[in-house]
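Dock chain B against chain A, hints included.
These protein sequence lines map, in sequence, to chains A and B. Residue numbers for the first sequence follow my numbering, beginning at 55 and rising by one. Residue numbers for the second sequence follow my numbering, beginning at 55 and rising by one.
Please note: incorrect hints may appear among the correct ones.
If several chains are the same, the list does not tell them apart, and a pair holds so long as it fits within one copy or across any two.
Stated by the list, open to error - Derived PhoX-like pairs (lysine-lysine); straight-line CA-CA distance at most 20 Å: (1) Lys248 / Lys183; (2) Lys189 / Lys248; (3) Lys300 / Lys334; (4) Lys248 / Lys334; (5) Lys171 / Lys183; (6) Lys331 / Lys248; (7) Lys357 / Lys266; (8) Lys321 / Lys266; (9) Lys300 / Lys331; (10) Lys300 / Lys183; (11) Lys189 / Lys357; (12) Lys171 / Lys357; (13) Lys357 / Lys334.
For the record, the hints were derived by calculation from the structure and aren't laboratory data.
Protein chains: 2
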Amino acid sequence: MNEVTIQSPATVANLVCGFDVLGMALDAPFDTMQVRLLDEPIVVITSRDGFPLPADPAQNTAGAPLLAMIEELNSKIGFEVIIDKQIKPGSGIGSSAASAAGAVVAANHLLGNIFTKQDQVRFAMFGEKVASGVKHADNVAPCIYGGITLIRSIFPLDIIAIPSPLLYVTVVHPQIEVRTSDARQILRKEVLLKDAIRQWGNIAGLVAGFMKNDYDLIGRSLEDVIIEPVRSMLIPGFDEVKQKCKEAGALGGGISGSGPSIFMLSKDPATAHEVEKVMKAIYERIGLAYHTYVTSINPEGVKIVP
Amino acid sequence: MNEVTIQSPATVANLVCGFDVLGMALDAPFDTMQVRLLDEPIVVITSRDGFPLPADPAQNTAGAPLLAMIEELNSKIGFEVIIDKQIKPGSGIGSSAASAAGAVVAANHLLGNIFTKQDQVRFAMFGEKVASGVKHADNVAPCIYGGITLIRSIFPLDIIAIPSPLLYVTVVHPQIEVRTSDARQILRKEVLLKDAIRQWGNIAGLVAGFMKNDYDLIGRSLEDVIIEPVRSMLIPGFDEVKQKCKEAGALGGGISGSGPSIFMLSKDPATAHEVEKVMKAIYERIGLAYHTYVTSINPEGVKIVP
Numbered sequence: 055m056n057e058v059t060i061q062s063p064a065t066v067a068n069l070v071c072g073f074d075v076l077g078m079a080l081d082a083p084f085d086t087m088q089v090r091l092l093d094e095p096i097v098v099i100t101s102r103d104g105f106p107l108p109a110d111p112a113q114n115t116a117g118a119p120l121l122a123m124i125e126e127l128n129s130k131i132g133f134e135v136i137i138d139k140q141i142k143p144g145s146g147i148g149s150s151a152a153s154a155a156g157a158v159v160a161a162n163h164l165l166g167n168i169f170t171k172q173d174q175v176r177f178a179m180f181g182e183k184v185a186s187g188v189k190h191a192d193n194v195a196p197c198i199y200g201g202i203t204l205i206r207s208i209f210p211l212d213i214i215a216i217p218s219p220l221l222y223v224t225v226v227h228p229q230i231e232v233r234t235s236d237a238r239q240i241l242r243k244e245v246l247l248k249d250a251i252r253q254w255g256n257i258a259g260l261v262a263g264f265m266k267n268d269y270d271l272i273g274r275s276l277e278d279v280i281i282e283p284v285r286s287m288l289i290p291g292f293d294e295v296k297q298k299c300k301e302a303g304a305l306g307g308g309i310s311g312s313g314p315s316i317f318m319l320s321k322d323p324a325t326a327h328e329v330e331k332v333m334k335a336i337y338e339r340i341g342l343a344y345h346t347y348v349t350s351i352n353p354e355g356v357k358i359v360p
Numbered sequence: 055m056n057e058v059t060i061q062s063p064a065t066v067a068n069l070v071c072g073f074d075v076l077g078m079a080l081d082a083p084f085d086t087m088q089v090r091l092l093d094e095p096i097v098v099i100t101s102r103d104g105f106p107l108p109a110d111p112a113q114n115t116a117g118a119p120l121l122a123m124i125e126e127l128n129s130k131i132g133f134e135v136i137i138d139k140q141i142k143p144g145s146g147i148g149s150s151a152a153s154a155a156g157a158v159v160a161a162n163h164l165l166g167n168i169f170t171k172q173d174q175v176r177f178a179m180f181g182e183k184v185a186s187g188v189k190h191a192d193n194v195a196p197c198i199y200g201g202i203t204l205i206r207s208i209f210p211l212d213i214i215a216i217p218s219p220l221l222y223v224t225v226v227h228p229q230i231e232v233r234t235s236d237a238r239q240i241l242r243k244e245v246l247l248k249d250a251i252r253q254w255g256n257i258a259g260l261v262a263g264f265m266k267n268d269y270d271l272i273g274r275s276l277e278d279v280i281i282e283p284v285r286s287m288l289i290p291g292f293d294e295v296k297q298k299c300k301e302a303g304a305l306g307g308g309i310s311g312s313g314p315s316i317f318m319l320s321k322d323p324a325t326a327h328e329v330e331k332v333m334k335a336i337y338e339r340i341g342l343a344y345h346t347y348v349t350s351i352n353p354e355g356v357k358i359v360p
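Bound conformation, chain A alone (with noise of 0.2 Å):
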């Protein structure tokens, strides 16, 4: 087998009270990409979306980790990507992620699947530096794992799988652009201990209702005192996207890694989609442009097309 075909989902970082620790993967939307085995150590890069990617491998999302994995191999082999990307670029929902694990998922498939899990989230983070100056694990975890992550460190890197409950994700991505490395300046570089303690308490709440089954817990923990109130701003109608979401029956939810996109949780289908239409609601007339996604957490992360 020289070719696999895989799909790579987008994903949710920080859950809230998790900022940089914790992620998420979800069921939709997805990438898909197909990657070959070349007999040179390049890499090549071709785009069938029409989205404005760089196509210089070093440049590339997709491009940066495999160029990594060649370098350590130290061996004649290389690849080329082609990506129908679905996951827009700077929704905040892991895009960049999204290239970055897909490709390394496919490479390690074609070599034979040499690579532990840790391995290919070491490589993907390659990706991340590219898109956005910072190696960050909080999007390509969770996409190479599936399910809940936890990033507790990343040097060294120490990744944690979280069991859940079937959680329902809803999915807001008003169409204004939020960069991450704009998000990340305006946060503070101190916080006051009084805050970091409440953090603290609910992102070991969070976890415990995760692995607890505890959906209400789950709900009293999706709380962020530090980030949220600062990076909310750049977000117009989250402070009431969030209130009339839970007053649908949301369980919770916030800015989706450093936005735009704001996620909610639910119980079940049927509220996951009242919830949706709350978002409609308030981004028709707002008169803001507008994406949407009703979905679930995806258990299994990037996969491999038969």
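Relative to the frame of chain A, chain B by itself:
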């Protein structure tokens, strides 16, 4: 029944990375208390242990919670409390919490168990207010619930029991005085965001480690980059104790509450006893009086003596 005897255990607050939100009950040491119903709304405190604690119930950590309970009940009952304290005041293993929680659980038992555990924690916090000036629950909650507890929030009170594997606990109490209020004052009011992120990665890892019975993950997560670097300077021998106990096989550990006691967690009793030897050797050499305890997690908390 108008009299009951209870045993109220020592507790370890914070658990390294869970400052102000995590706590754990120990099998030993414990205070023994007798509580009797009175037919007038007063509280009488008698001490049988020789510790110079206030006899005025409003100033006593066992008395203040009972006065609060009497006020809420608004009836003509009161309590006589006889305390035989084995947990040294100021040791950092929840001496004031044991008095407060023990009194409340005993009184509730005599009243026919009319209060929930959460209510009992709420009353016991009046004792912590008397002891340290602050209503905190990271000792009284595990003392009442047993096991490991998370205080996700104090206002409103939200207590979550965290399941854990069997763990053995070695405690050394170097006989120096560290006042909780002093230990709190030396903390900075602001912390670096990057340190806070590392801390909430660790507490999430610790909770996941407890709930997955993953000893290695528990060990890796027992890291505190915020409080310990400051407070450990008040405890002679701290760095050496921590390092050598880990070399002797302990999973990890740190300051118990606000100190000066140091606790270490181990997978088995043999290691816990090895760790005790290491602690003893260090304080013998330093020439500081000390006590040690080798014990385990107490799954039930305050115990009614039949």
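Verification of the hints:
1. Lys248 / Lys183: between (32 Å within a copy, 18 Å between copies)
2. Lys189 / Lys248: between (28 Å within a copy, 14 Å between copies)
3. Lys300 / Lys334: Classified as within: same-chain Cα gap 15 Å, cross-chain 55 Å, threshold 20 Å.
4. Lys248 / Lys334: neither (36 Å within a copy, 36 Å between copies)
5. Lys171 / Lys183: within (19 Å within a copy, 49 Å between copies)
6. Lys331 / Lys248: Result: close neither inside a copy nor across copies, 37 Å intra and 38 Å inter.
7. Lys357 / Lys266: Neither. Shortest intra-copy (27 Å) and inter-copy (26 Å) distances fail the 20 Å Cα cut-off.
8. Lys321 / Lys266: Result: close within a single copy only, 14 Å intra versus 24 Å inter.
9. Lys300 / Lys331: within (13 Å within a copy, 55 Å between copies)
10. Lys300 / Lys183: neither (35 Å within a copy, 35 Å between copies)
11. Lys189 / Lys357: neither (23 Å within a copy, 50 Å between copies)
12. Lys171 / Lys357: Answer is within: at 13 Å inside a copy they meet the 20 Å cutoff, but 46 Å across does not.
13. Lys357 / Lys334: neither (30 Å within a copy, 55 Å between copies)
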